[in-house]
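Engineer: Okay, here's what each chain looks like letter by letter:
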Amino acid sequence: MTLDQLLAAYRKMFLIRRIEEALVKYYFDNKIMSFVHFYVGQEAVAVGVCQNLDLGDKVLGNHRSHGHYLAKGGDPKKMVAELLGRATGCCRGKGGSMHMIDKSVNFIGSTPILGSVAPISAGSALTQKLTKSKNITVSFFGDGASEEGCVYETLNFSALFKLPLLLVVENNLYSVNSKLTDRRSSEHNLSKIVEGFGLNYYKADGNDYIDVSRKAKAAIDSVKNTETPSVLECITFRHMAHSAPICDDKIGYREIDTPETRKKEDSLFKIRTLILDGGTLEESLLEIEAEIEKEVSETILYAENSPFPEKEELMKDVYHA
Amino acid sequence: MHRIISFTDAIREATEQSMQRDPSVIVMGLGVSYKNGADGTMGTLKERYPERVFDTPVSEFCNTGVGVGAAITGLRPIIHHARVEFGLFGIDQIVTQAAKWNYMFGGENPVPIVFRLAVGRQWGNGPQHTQALYALFGNVSGLKVVIPSSPHMAKGLLNSAVRDNNPVVFLEPRWLYGLKENVSEDDYFVPLNKSRYVTRGSDLTLVTYGDGIVDALASHSKLLETGVSIEIIDLVSINPIDYELVFESVSKTGKLMCLDTTNNAFNVGGEVIAKVCSKLLHKLSFPPVQLSAPDAPCPTATSLTEFYYPTKADITKKVLSILGKPLINEVLSFGDLHLSPKITINTL
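Heads up: the sequence lines are chains H and D, in that order. Everything in the first sequence is counted per our numbering, starting at 3 for the first residue and increasing by one. Everything in the second sequence is counted per our numbering, starting at 1079 for the first residue and increasing by one.
Think of the hints as simulated: they come from the structure by calculation, not from any bench. Hints may be right or wrong, so weigh each one.
[Unchecked claim] Have a look at the derived ranges for each label pair, beta carbon to beta carbon:
| # | chain 1 | residue 1 | chain 2 | residue 2 | range |
| --- | --- | --- | --- | --- | --- |
| 1 | D | Asn1342 | H | Lys205 | 50 to 58 Å |
| 2 | H | Met317 | D | Lys1330 | 55 to 63 Å |
| 3 | H | Lys226 | D | Asn1271 | 41 to 49 Å |
| 4 | D | Ile1082 | H | Asn191 | 58 to 66 Å |
| 5 | H | Ser188 | D | Ser1381 | 32 to 40 Å |
| 6 | D | Leu1358 | H | Met317 | 46 to 54 Å |
| 7 | H | Gln7 | D | Tyr1266 | 42 to 50 Å |
| 8 | H | Met317 | D | Tyr1266 | 28 to 36 Å |
| 9 | D | Pro1372 | H | Ser188 | 18 to 26 Å |
| 10 | D | Arg1099 | H | Lys205 | 41 to 49 Å |
| 11 | D | Asp1264 | H | Glu229 | 52 to 60 Å |
[Said to hold, decoys possible] Quick list of in silico lysine-lysine cross-link-like pairs, PhoX-like style, CA-CA up to 25 Å:
| # | chain 1 | residue 1 | chain 2 | residue 2 |
| --- | --- | --- | --- | --- |
| 12 | H | Lys134 | D | Lys1353 |
| 13 | D | Lys1124 | H | Lys318 |
| 14 | H | Lys131 | D | Lys1124 |
| 15 | H | Lys164 | D | Lys1420 |
| 16 | H | Lys105 | D | Lys1272 |
Quick caveat, the model's predicted, so the values are computed rather than measured. Glycine included, each C-beta is placed from N, C-alpha and C at the ideal position.
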């Protein structure tokens, strides 16, 4: 991996982290009146996957998709404006945090009903196959969503029709506060499930950008070259609560991802250390960080200065013309 | 050129003409590859379009969602579910994904998809194969919901549904599959959002849709013998409902009857009556009347279904009693009560 790639990844991961952290106070000031699910901690997954995609490849996400949207190149201004309920938002204020979309970079939507995005992404891959496109579709969803029946149905469907589809399971260990052991037998084995349906299975350390990127590249190459859809499971840590930008360790459900472990395994910290260990001067990183901080401030200022949707917008676009 | 064809022929013809017209139209569903698949509406389409017509795994949620994903990326899928109950596995994709997609993403996000769902009565199908669930689909913002009442309507509405940029729920009353009508060979389009007069009359307005039209027409003929003329309105669409003709007709007749071939609670007839009362109460000379099935699941035994669905005799009797005329004693045959009509009608 080249230094340029690493620096580009760091820049994107830092943007995703800082934009969310900067938004925390807007949430508590009731300026974000949209349900939010922050991505803090999981940035290596979105960036590791999306940096291996072409602009023409399509991506869909779930309820926790700020990172997926930004990693695919979605416009930060339209994202923040959407969270603040402004007319300049990516959904003109109609969707909120759970509905990210920027079709100019082929981030074609995120939708929070767990698992629903899997068959939708298979439909996008079907279009690509029938129109003989060289591109693929990727959808991101969590370990909780992966337990929905429609996800198993999608594994079968996509293998049957040899769809150009990569399903990324971001396993952050919890569905809200429910542990994996609350929801699965000790014999549960996702690789056997996936391979049993005829797809390829890849597993990555979702807190490690390098590992995600390497496995994502292998998975994407396989989807593009062998007509075999794939699943990439990334084990990662969600630093904040399921919903709302708070740390919820006092509830006591976390076993592995304690504050100490999260700090040690933090994807952003790890990639930063890696870059510095490779001989890059910290000054270069500080320069990138300063640029991003400026971009974040400008982005939020843009959103705050944007108008709210007019009342007429309420009844607009129920139907497409 | 017109010729007499069946309701299922009309659906096949619209599908075929839609596929000829637009290469982005695909058809997916359980058994759509068979010649007799999808209740005999497929014919040789699989042979002619092998890559655009395909059978699917028995996974209705996935199949429906794949359709949505294909629709948002440029195809125009027709998704077929042979019973509305099977389609319920995919209800999230219909009511929460497809119906909301354009609105929740701020417009400019069309979902051009048709959900063909077969609904309603058929002998022997019992509680889990005969629901219509009109009220459910009528309630969902963002869906267009149409119910064809004849072969002519089936063809023209399906053509329009496929060409529309929104998710269209196409509820096919299975009861009408054998019904015949003189239908144009042309590739014609019937508007999705316009109700229509099926008969003109002056004594009473009868509002119905789908398989209600056949019984309404039979009753209309019977009533003419007694000198009574009813004005039958086919709603065509139940989401949204077009009230223009309903208001026009009730303003003239002063009497309203609504006929639903499904159970009573929250049904379309009740909705129409509420709207008429809130707008035209002063025009009504008699309290509006509702005919519908009772609020019980549809049973299987014919000795019970005999009392489940409102019949043409029930309609006639009710109209005459509203008008204060002597009642006619009409005896219905086993076929009238339990077998779907294999007749040729003219609703044009």
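Engineer: Taking the hints in turn, state whether each one holds.
Structural biologist: Do the hints match the structure? See the list:
| no. | hint | verdict |
| --- | --- | --- |
| 1 | Asn1342/D with Lys205/H: 50 to 58 Å | holds, 55 Å |
| 2 | Met317/H with Lys1330/D: 55 to 63 Å | violated, 31 Å |
| 3 | Lys226/H with Asn1271/D: 41 to 49 Å | holds, 44 Å |
| 4 | Ile1082/D with Asn191/H: 58 to 66 Å | holds, 60 Å |
| 5 | Ser188/H with Ser1381/D: 32 to 40 Å | violated, 54 Å |
| 6 | Leu1358/D with Met317/H: 46 to 54 Å | violated, 25 Å |
| 7 | Gln7/H with Tyr1266/D: 42 to 50 Å | violated, 58 Å |
| 8 | Met317/H with Tyr1266/D: 28 to 36 Å | holds, 31 Å |
| 9 | Pro1372/D with Ser188/H: 18 to 26 Å | violated, 51 Å |
| 10 | Arg1099/D with Lys205/H: 41 to 49 Å | holds, 47 Å |
| 11 | Asp1264/D with Glu229/H: 52 to 60 Å | violated, 42 Å |
| 12 | Lys134/H with Lys1353/D | violated, 51 Å |
| 13 | Lys1124/D with Lys318/H | violated, 39 Å |
| 14 | Lys131/H with Lys1124/D | holds, 18 Å |
| 15 | Lys164/H with Lys1420/D | violated, 43 Å |
| 16 | Lys105/H with Lys1272/D | violated, 34 Å |
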